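Protein chains: 6
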Amino acid sequence: MNLEEELTKANILIEALPYIQRFHGNIIVVKYGGSAMKDESLKNHVMEDVALLKLVGFKPIVVHGGGKEISRWVKKVGIEPVFYNGLRVTDAETLEIAEMVLGRVNEELVQKAQSLGVNAVGISGVDGNLLTVRKQMPDQKDIGFVGEVTKVNTKVLKDLVENDFIPVVFPIGADEKGQRYNINGDHAAAMIAQAVGAQKLVYLTDTPGVLMDPEDPDSMISELYTNDAEQLIADGVISGGMIPKIRNCIDSIHAGVRRVHVLDGRLPHSVLLEIFTDRGSGTAIIGSEEKRYYQKV
Amino acid sequence: MNLEEELTKANILIEALPYIQRFHGNIIVVKYGGSAMKDESLKNHVMEDVALLKLVGFKPIVVHGGGKEISRWVKKVGIEPVFYNGLRVTDAETLEIAEMVLGRVNEELVQKAQSLGVNAVGISGVDGNLLTVRKQMPDQKDIGFVGEVTKVNTKVLKDLVENDFIPVVFPIGADEKGQRYNINGDHAAAMIAQAVGAQKLVYLTDTPGVLMDPEDPDSMISELYTNDAEQLIADGVISGGMIPKIRNCIDSIHAGVRRVHVLDGRLPHSVLLEIFTDRGSGTAIIGSEEKRYYQKV
Amino acid sequence: MNLEEELTKANILIEALPYIQRFHGNIIVVKYGGSAMKDESLKNHVMEDVALLKLVGFKPIVVHGGGKEISRWVKKVGIEPVFYNGLRVTDAETLEIAEMVLGRVNEELVQKAQSLGVNAVGISGVDGNLLTVRKQMPDQKDIGFVGEVTKVNTKVLKDLVENDFIPVVFPIGADEKGQRYNINGDHAAAMIAQAVGAQKLVYLTDTPGVLMDPEDPDSMISELYTNDAEQLIADGVISGGMIPKIRNCIDSIHAGVRRVHVLDGRLPHSVLLEIFTDRGSGTAIIGSEEKRYYQKV
Amino acid sequence: MNLEEELTKANILIEALPYIQRFHGNIIVVKYGGSAMKDESLKNHVMEDVALLKLVGFKPIVVHGGGKEISRWVKKVGIEPVFYNGLRVTDAETLEIAEMVLGRVNEELVQKAQSLGVNAVGISGVDGNLLTVRKQMPDQKDIGFVGEVTKVNTKVLKDLVENDFIPVVFPIGADEKGQRYNINGDHAAAMIAQAVGAQKLVYLTDTPGVLMDPEDPDSMISELYTNDAEQLIADGVISGGMIPKIRNCIDSIHAGVRRVHVLDGRLPHSVLLEIFTDRGSGTAIIGSEEKRYYQKV
Amino acid sequence: MNLEEELTKANILIEALPYIQRFHGNIIVVKYGGSAMKDESLKNHVMEDVALLKLVGFKPIVVHGGGKEISRWVKKVGIEPVFYNGLRVTDAETLEIAEMVLGRVNEELVQKAQSLGVNAVGISGVDGNLLTVRKQMPDQKDIGFVGEVTKVNTKVLKDLVENDFIPVVFPIGADEKGQRYNINGDHAAAMIAQAVGAQKLVYLTDTPGVLMDPEDPDSMISELYTNDAEQLIADGVISGGMIPKIRNCIDSIHAGVRRVHVLDGRLPHSVLLEIFTDRGSGTAIIGSEEKRYYQKV
Amino acid sequence: MNLEEELTKANILIEALPYIQRFHGNIIVVKYGGSAMKDESLKNHVMEDVALLKLVGFKPIVVHGGGKEISRWVKKVGIEPVFYNGLRVTDAETLEIAEMVLGRVNEELVQKAQSLGVNAVGISGVDGNLLTVRKQMPDQKDIGFVGEVTKVNTKVLKDLVENDFIPVVFPIGADEKGQRYNINGDHAAAMIAQAVGAQKLVYLTDTPGVLMDPEDPDSMISELYTNDAEQLIADGVISGGMIPKIRNCIDSIHAGVRRVHVLDGRLPHSVLLEIFTDRGSGTAIIGSEEKRYYQKV
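Chains as they are written, first to last, in our numbering: chain S, 788 to 1084; chain W, 788 to 1084; chain X, 788 to 1084; chain D, 788 to 1084; chain A, 788 to 1084; chain R, 788 to 1084.
I should point out that these hints are in silico values taken from the structure, not numbers from a laboratory.
On a predicted model such as this, the values are computed, not experimentally measured, just so you know.
Where is the CB? At the ideal position from N, CA and C, for every residue including glycine.
You may find that some hints are simply not true.
Stated by the list, open to error - Here are some chain A residues pointing at chain D (derived, C-beta under 7 angstroms): (1) Glu792; (2) Lys796; (3) Ile801; (4) Ile807; (5) Gln808; (6) Gly812; (7) Leu842; (8) Val843; (9) Gly904; (10) Leu1059; (11) Leu1060; (12) Thr1064.
Use the sequences and the hints to build the structure in full.
So this is what it looks like as C-alpha cells:
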C-alpha cells in the first residue's frame, strides 16, 4: 500500500469522527428483514455494521423477522401460507412454527455478533415482558394470533444495553392473559424505538428507499418530511403495503425518534454508509418542524 | 378457616424462615426436563417453585432440555431419532430442529415466569458466549453436532441475575469457529452451576432419586457421599445412563457446589419441599469431607 | 410426613407468593405494644413475623412502647403512675425511668431479631434527630414531659433500611432546645409511617380489631373506610381512648399510607396471617376513594 | 479583637492543618468514662471534641460506660454494689439495671452530639450483633453476667460511619445463646478499635496518664513503648487495676492500632489538644518497633 | 505551654466548629490577585487558608490573575503595557505572553497546594471548554484579544472537585471558533462562582474592603446590601475601576451566590479569619432581601 | 461517489473493527514532539488521531515537549541554549521560560482537542503530584534543573480518564522539597506509560523508525525485540542520542507495556494508520518472549 492509499484510509476514518461524536451513546434500532436475511454474505455485512456501531459507542438494538423461512417451514408441515394486508394469517400451528423459526434465526444472528467479538443476547417480546400485545383485527377481520403492541416494558432492553450487550429481538409477544402472538416486525421495531427513546430507527428493505413511483428506482425521495408523507398517502402516491411502513415511520418521528431511515438492505453495508459518511443513502424521514434548519444527522 | 388451621399456616411459613435465611442471595441451578415437561400442571408447579425461590431472595437459574418434543418434530419431518449412550445423534437437520424446539420451549417457560410476575430472560449458550463447546466423541464415535462444554463465560448470567431476572437457559453452544452444537442438558447445567459458584444444583428426574436397585423405588439413597458414589459406580450398582448423571453430580461437588439434589420431577413442588422444609426429598449428593459433621442444607 | 401433608405445605408457601410479590421492597411499620409485650412466647412470635417479612423482601420498621414495665418501675421507686386521656403524666423522674425501661425493652427486641438471624438496630427518636417534638398540652393541661411529633428526619431510618437492618424504635424525642420528651407510641408509629412513605402500618392491640360495640368481640369491622370512621367518631360509636388511635389511622391514610391494620396482638402470628394469607384478620382502615374498586392488599 | 490576636487565631487553625491532613478519614475510638461523665460541662466538652473531630474528617466512635450512675441505681433498689478485680459482680437484677442506665446515658450522649449539629446513633453490642461475648471467669471465679468479647461484627459500625453518623456504643453484648452480659468498657473499646482498624484509641481516665508512681501525678510517662510497658508490669510498677487497662492498650497496638492515648478526662478538651496541637498530653502507648523513628502522630 | 494557653487553643478550634458545620460541602471561589501575589509569604498564607478550607470539608476553587508579572514580561520583550478602563489592551504577542505567564503562575500555586499536602490541578478556561468567550468591546472600542465570558461548562470543575482536587483556574478562554482571549480575573471568578452554585465568592484585593472614601481606609463598609451598592454607584460614591468589581459582586448575588466578600489580601490569613471567626473582615456584599433577618454566614 | 468507492469506505471502517475491539478501554500514551509540533497541519492531524482514538473507546494520554519553541524564547531573552547528551542545560531563568513555553503549548493542544469536540485537560507533573523527580546528573555532571522521575502518582490521570477527559501532560515535576525541574519528554512519557499500565506507548519522532543505519531511511527495522535491541546497543549499531530513547522503550516493555512504537511524526496520521490498519508503520518494540508467537497488536 502506498502513501496515498494510506492517507485515503486515514481520511475516511477521520471523516467518520464527527458522526461518532454526534451519536455517541445514542440508541439506534435496526429493523432487519427481507432479502438481507437470505444472502449469507449480506447477513454478515449487516451484523458487521451493527458490531461497528456498538464498538464506536452507539447502543444498537436489532429487531428482525423470519421472512421466507417461516413460509418454508409452514409449507414443510403441509400448511399453505396466507397473508392479509401484508400480515400473516396465523393459526395455532403457524404460530408454533413462527416461534420456532424466529427463535432459531435469532440465535443465528446472536452468534454472528459473538463471532465478531461483540456481546449480544437474543430475546423475544416475552422476555422481561418486553412487548404486551392485543389481538390485531385489520378491518375487523380475524387473522388469528397476530398481535399489535399496546405496552413496551423497556427494562430488559435497558439492562442489556447498560451491560454492554446488543439486544437482538424477535417479534413475539403475549397478551395480558399470557396468550402469545406473532407481531409484524416493522411495527415491533417502531414501538421499541419509540419506547427506548432511540435517536434513529433504520429499516432495511428490498427497495432503494421510498419511491415516488414504485416501478422506478430512480424516483427515490432522499428526504421525506412527515407532513409531505401524509400528503403522499392522501394523494395515493404511497399506497398498499407501503402505507403501514410509512405510518410506523411517521409515528416514530412524532414520538421523538429523531430520524427514521428506509435503506436498501440489498446493498452491502448500507447502514454503515448512512451513518458514517457525509452522503447518506436511502430515504430519511424527518419531522416537518425541522424543514427550515435541516442538517444531516 | 379456623384458628388452628391459621396457626398451621403460620408455622409452615415460620418453618421456612431458617432456609430462606441460610440461602439468601445464593445461586441455585435447576435442571428441568423429563416428564415434568410434558404435564402442563407440573410445568406450572416447577415455575411456581422457581418464582418463589426468586421472590424470597434466592438467585435461581433454570436449565432445560427439549425432551420428547424434539423427537416429535424430528419424526414429523421424516427423520428417525437415534441415540448413542443417551446422547442424541445429531445431523445438521436434527440440529436445526433441536434449536427450533428448544427455543420455543424456552420461550414458553419464560412466559410462565412472567405470568407469575417475576422477570425472566431466555438465553442459549450462544448468547453472550455463555457456552463454548467442542465436538463430543463418545468412544471416539462421531455422533454429529453434539458438543461438550469447554468454557463458560458467566457474564451474561451474572448481569441478568444482578438485574433481577431469572435466566432460563437452553443447551445449544458454539465452538471457536462458530459451529453450533447440541449439548446434553445435565452436562450443561453442571458446568453452569460450577462456573457461577452455585450453592445448589437440582436435577428434576423421572425417578424418586438415586436408587440402589433401579427396579425398586424404595431403594432410594437419601444422602450419597461422593466417595460412596464412586464406589457404587466401581461396583456396578450405578450403571448405564445413570453413570454420566452421577458423574456430573460428583464433578459439581468437587468444583465447589455445596449440594446436588436428584429429585422426583413427577411430584408437584418437589423443589420447594426440598428447599423449605425440614424433611428433604430425593437424593442429596454430598462431599465426602462433610460426612462427619453432616447437616441438612 | 405423607404426600398430602407435603402438598399442603407447598400450597401454603405458594399462596404467599402473590403477597410477597406485591409488597416486595415496601416499608411496613409495625407498632408493637400492649399484651403482646408481656407474654414471652408472643414476643417471640411477633419478632419471628417481622424477621420473615424482612427475609422475603419487605422493609419492616418496628415501633414499640414500654407498656406495663414503665409503671412497674415507676412504682418500684415509689411513684404512683398517673394517666390523662390515655397519656402518661410524666415528671422528670418518670421520664428518666421511661427512658431507661424503653431502652432496655428495645435492646431485648433487637436481640430477639438477632437471635433469629436478621440484623436489627435499636434507636430512639433522638438518634439522628429522628423525631423532633414539642410539649403536648391536651386540653391546655400540663402533663409534663409528653411530646407530640412536629418533624420526622428519616435519614437514620432510610440508612438503616438501606443497609439491611430492621430499625426498632422507641418513642423518646427531643424538642428544638434539646429537652427530651416521652411520646405516645401509636402517634410516633403513625408519624414515622407517614414520613417514610410506608405501604402499611400495623397496630398490634389488645382487641380483635375496631369494634362497633367495645363489649362485643364479634362486632369487629373488617374493612373500615376513612369517611365511615369519621362518621363513627361523630356518632360516638368510636369513643374514649379509641378516638386518638383511629385518628392516627385516618391521618396516616390521608398522608399516603395505603393500609392501616388494627390486629389482635394476643393471637400468635397475627401479622403474618394478615400479610401472607388470602383471609386477612382484624380491621383494615382504607381510604374512602378505594371503596369502589376495593381489593385486599 | 486586634490584629495580633487575629493572627494568633489563624495560626492555631493553621497549626491544626497537618493533623487534620494526617488523620483524615481515619477511625478514632474514644472511650469515655469516669469523672468526665459526672461533670455536665466536661460531658459537653468531650462531645464538642468528638463533634469537631467528625467535622474535620475523622471518623470517631465513642464507647462509654455508666460509671457511678449504675451503682446509684443499684443502691436505689436496695442492692449493694460488689466489685471483683475492678469488674462489677453482676446478678440478673444488676444486669437489668446496668442495661437501663447504660441505655439512658447513651441516649443523653447521642442527644448532645445532635445538639452540636452532628448525627449520632446510639447502639449496644447487641445491635447488628456487634459484640459476641462469653462468660468471663476471672481466676475461675463466677461473678455473674460479666462477659468478655470473643467476636466483633463491625458491619453496623461501618454502615453508620459510612452514612456519616457517630456511633455511640454502650458495652452490653450477648453470647451465642442470646444471654446478655455486662462488659467492661475499656475492654469493649479495645476490641472495637482493633476490629475496625482504628488509627487511634483514646482512654479518658481520672489520672493525668500512666504514672510511674500512682501517688505522684508528676511521674507521668509521656511515651510508653509496648515492651517497656510489659517490663513495668513484670517489675510491678504497673499493678492492680492498672494492669488490665495497660493490657488493653498493648493488645490494641499489637493488633494494628497505631497509637493508644491515656488522657486526663478531667481536663477540658484533652482529646482536642492531643489531636490538634504539637504538644500532646497524657501518655501515648507506642509499638516498640517505632522506637527508632518515633514521631508524634 | 500552660493550661490557660491550651484552653485558648481549644476554644479557638471549637469556635470554628459552627462555621465548619454550616459550610461543609459548600463551594467557595477565591479570586486571588494583586499584592497578595507579589509577597512570597502572603502567597503561602493564601494557599494555607485554601488548603485548610479543603481539609475541613469545603470545596474551594481558586481563580487567579497574573498581575504585575505579565507587565514585567511584556516590557522584557519590548512592549509597553496599555490599559483601557482597567482592561489590558492585548495584541497577539501580549496574549502569547499573558498565556505563558499565567500558566507558570498557575503551576506555582498548584505546587504550593501540593506542598501543603492537598491535591490541586491547574486549568485554564480552555480545559474541558470551561469558559467560552466573545470579544469584549468596552465603549465599542477594540482592545484586542480581551474576552467576556458567555458560557461556563462546569463539568471539568465538578469532576475535579468530586475527585478531591482543588481546581486552580487562570482566566484564558476561547471563542466558538477557537480563538483564545485574555479574560479579566474578577469577571471570570464571578462567572464561575455563579455557574457552579458557589455559596461564597471571595475577592482578595489591595484595599481593606469597599470604602465610602477611597482615600480613607477607615471608611470601609462592613455589610453592603445590593440595592445600597446600586445607589452608591448611582450617587458616584463607588466610581472608576471599582464599578466593574462591585458589578461582579452584585451579579453574583443575584445569580444565587449567598455572600461575596471583598477582603484585604495584604493581611495574612484574611480568608481564614473571615470564614472561621465570629468577627468577619472586609466588606460582605449581601442580597437586599436578607436585610431584615441578617446573620453572619 | 459511486458504489465502488462507497464499498471501499465501508471496508476501511470494517477493517478497523478488530483493532477497535482489541484495544477497547486500553490506555495508549502518545509522546508528541519534534517536527510534528512545528507544522500547524501536522499538529491538527495528531490531535485528530488522538480524538478518534478517544471516540472509539481507547483511553489516550498525550505527553508533549516544547521543542524548538523553548530555544526560540530562550534566545529572545538573550540566553544561548546549551545541551548535554541531548538534555537541555537548565539554569533558573531557562527553567522559568521552559515552564512558560510548555504551559502555552499545552494550552494550545488542549484547545485543538476541544475544537474537535473531545474533552481534554492540560496538566504538568506538578498537578496532583503526578511526577516526583530528583536532580539528574548525567556522568556526575551538574546540568541544572533537569530532573529524572522517581515516583508517578497516577491519581490525577486516572480521575481525568475516568471522567472522559484526554490528559495532555507537559514534563515539569517537583522534587520532595518542592523545587521544580524540567524533565526529558521521552523519559516522562515512558514513566507515565509504565505507571498507568498502558497497553501501548507511541513515540512520534523525526525518523521513519529505528534505523540500522541512521543515514539510510530504508534500513528501518519493523519489529525490534528487546533482547535484539540490547544487542544492537552493545554492538554500537544503536548509538548516541538514540540510546536513551531505546532504553525508555525497553524499560517500558519490561514494566508491562505491551508494545512501544517509534513512528514518523512527519507523516500525517501515522498514529491512526499504525493502530487501525493491518499494515503497521515505523518500528514496533516487542518483548523477546513474544518472539515465538508474534502477532500484530
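Using Cβ atoms only, decide whether Val843/A comes closer than 7 angstroms to chain D, and label the hint accordingly.
-> holds (5 angstroms)
Can Ile801/A be said to touch chain D, with a Cβ gap under 7 angstroms?
-> With a closest approach of 6 angstroms, the Ile801/A hint holds.
Does the CB of Leu842/A sit less than 7 angstroms away from some CB of chain D?
-> Status holds, d = 5 angstroms.
Restraint outcome when Gln808/A is required to lie within 7 angstroms of chain D by C-beta distance | holds (5 angstroms)
Minimum beta-carbon distance criterion (7 angstroms), Gly812/A to chain D | With a minimum Cβ separation of about 11 angstroms from chain D (threshold 7 angstroms), the hint on Gly812/A is violated.
Holds or violated: is the Cβ of Leu1060/A closer than 7 angstroms to a Cβ in chain D?
-> Holds: closest Cβ of chain D sits about 5 angstroms from Leu1060/A, inside 7 angstroms.
Interface hint for Ile807/A, Cβ within 7 angstroms of any Cβ on chain D | Ile807/A check passes; min Cβ-Cβ to chain D is 5 angstroms, inside 7 angstroms.
Have a go at the Glu792/A hint: is there a Cβ in chain D nearer than 7 angstroms to its own Cβ?
-> Given a least distance of 10 angstroms, the restraint on Glu792/A is violated.
Mind checking the CB of Thr1064/A against every CB in chain D and telling me if the closest is under 7 angstroms?
-> Check passed: Cβ of Thr1064/A comes within 6 angstroms of chain D, closer than 7 angstroms.
With a cut-off of 7 angstroms on the beta carbons, see whether Leu1059/A makes it to chain D.
-> holds (5 angstroms)
At a threshold of 7 angstroms, is the proposed contact between Lys796/A and chain D supported by beta-carbon distances?
-> holds (5 angstroms)
Under the criterion of a CB-CB separation shorter than 7 angstroms, is Gly904/A in contact with chain D as hinted?
-> This hint holds: Gly904/A lies near chain D, its Cβ roughly 5 angstroms from the closest one there, short of 7 angstroms.
Comparing the model with each numbered hint stated earlier shows that hints 1, 6 do not hold.
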